[in-house]
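K.L.:
Sequence:
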Amino acid sequence: MHANDLAILLVLAAAILHASWNAIIKKGHDRLLSMAQVDVFGLCICLPLFPFVGWPSPHIWLYIAGSTVFATYYKLCLVRAYKLADFSQVYPVLRGTPPLLVVAFSVLFLDDALNAYIIGGITLLSIGIFSIILSGKSASPSSSKYLLHALLGGICIASYSIIDGLGAREAKNALQYATYLHFITCLPLPISTFKTQRHKLTSYIQSYWPEGLFAGGCCALAYTLVLWAMTIAPIAQAAALRESSIIFAGIIGSFFFKEHLGHYRILACILVAMGAMMIKG
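Residue 133 in the UniProt record's numbering sits at position 133 of the sequence shown, and the numbers go up by one each step.
Quick caveat, the hints were computed from the structure, so don't treat them as lab data. Here the structure is a predicted model, which is why all the values come from computation and not from measurement. The beta-carbon is built from N, C-alpha and C at its ideal position, and this holds for glycine as well. Mixed in with the good hints there might be a few duds.
Said to hold, decoys possible - Straight-line alpha carbon distances no greater than 20 Å define the calculated SDA-like cross-link-like pairs of lysine to any residue that follow: (1) Lys27 with Ile16; (2) Lys195 with Ile205; (3) Lys200 with Arg80; (4) Lys172 with Lys27; (5) Lys83 with Lys172; (6) Lys172 with Phe257; (7) Lys83 with Phe257; (8) Lys83 with Met274.
Claimed, not checked - Have a look at the derived ranges for each label pair, beta carbon to beta carbon: (9) Cys44 with Ile16: 18 to 24 Å; (10) His199 with Ile119: 52 to 58 Å; (11) Pro234 with Gln206: 26 to 32 Å; (12) Ser192 with Lys258: 15 to 21 Å; (13) Ile119 with Lys195: 47 to 53 Å; (14) Asn115 with Lys195: 48 to 54 Å; (15) Pro210 with Pro51: 34 to 40 Å; (16) Gly120 with Ile232: 34 to 40 Å; (17) Pro58 with Pro210: 36 to 42 Å; (18) Ala65 with Ile232: 24 to 30 Å.
Sequences are here, hints too, so could you generate the full structure?
P.N.:
Here it is, written out as structure tokens:
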């Protein structure tokens, strides 16, 4: 199998897994505890892998440390946004804003030029995100508050994605980098939650551990597949195809959460995914 074909399969699988574990967080009875539980199982999944992946080079820890800061704040933004709006409304904004932010940064600070393809992608992405925001206005007066958390989450995604793409290539071992990265990024939330809500967290894990185990596995595997794809194909292409998770999120929102998407929001999700792929591809 050609490297690009393998990368496509890896990223599509990762997109489905990513949308799936996000859906479990949205479904959780307490979304903060649900996210902490996912991280607890993420830690457990990483532990058996350490003897087989070796110890990273010292400079790799700088990438991991930087990524952990953004990943932790992203998780908090995700939890808050899912408390305020539909899954099919939050997820596309979370995943759709990073490409816009990367392009804006490149133009403002790196003097990158915009070609017609990128301009078209920006247009589609902007229309799609704006349409999704409008589609939720009638649901609840407070639902628009999710937007701040979703946008901040998007900034974090853009930041840690760039860091991790570079870190995985520098490490020259995607599994090693992903294992230590996932372990470290899974530490802050369980530790802080255990200190403040010890009994609630342990009780939650005892009651909902099957969901936590499944989501933790999806989370760990999804990002590992993406990092692997980034080592065998251009980072921009892998990141672009990853945005197909927006479409999968729309499907999950409709079938599993019984959210009324309507033709308006379905089209908006497709526009966001297409725009993101055009910008990054």
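K.L.:
The structure should be examined with respect to each hint, and the outcome stated for every one.
P.N.:
We went through each hint and held it up to the structure:
1. Lys27 with Ile16: holds, 16 Å
2. Lys195 with Ile205: Holds - the C-alpha atoms of Ile205 and Lys195 are around 15 Å apart, at most 20 Å.
3. Lys200 with Arg80: holds, 18 Å
4. Lys172 with Lys27: With Cα atoms ~37 Å apart, Lys172 and Lys27 exceed 20 Å; violated.
5. Lys83 with Lys172: violated, 39 Å
6. Lys172 with Phe257: violated, 40 Å
7. Lys83 with Phe257: holds, 14 Å
8. Lys83 with Met274: Violated, at roughly 27 Å.
9. Cys44 with Ile16: 18 to 24 Å: holds, 22 Å
10. His199 with Ile119: 52 to 58 Å: Because 54 Å falls inside the window, the suggested range holds.
11. Pro234 with Gln206: 26 to 32 Å: Because 45 Å falls outside the window, the suggested range is violated.
12. Ser192 with Lys258: 15 to 21 Å: At 33 Å between Cβs, range violated.
13. Ile119 with Lys195: 47 to 53 Å: holds, 48 Å
14. Asn115 with Lys195: 48 to 54 Å: Cβ of Asn115 to Cβ of Lys195: about 50 Å, so the range 48 to 54 Å holds.
15. Pro210 with Pro51: 34 to 40 Å: Cβ of Pro210 to Cβ of Pro51: about 27 Å, so the range 34 to 40 Å is violated.
16. Gly120 with Ile232: 34 to 40 Å: At roughly 28 Å between Cβ atoms, Ile232 and Gly120 fall outside 34 to 40 Å, so the hint is violated.
17. Pro58 with Pro210: 36 to 42 Å: holds, 39 Å
18. Ala65 with Ile232: 24 to 30 Å: Check passed, 26 Å falls within 24 to 30 Å.
In summary, the numbered hints that this structure violates are 4, 5, 6, 8, 11, 12, 15 and 16.
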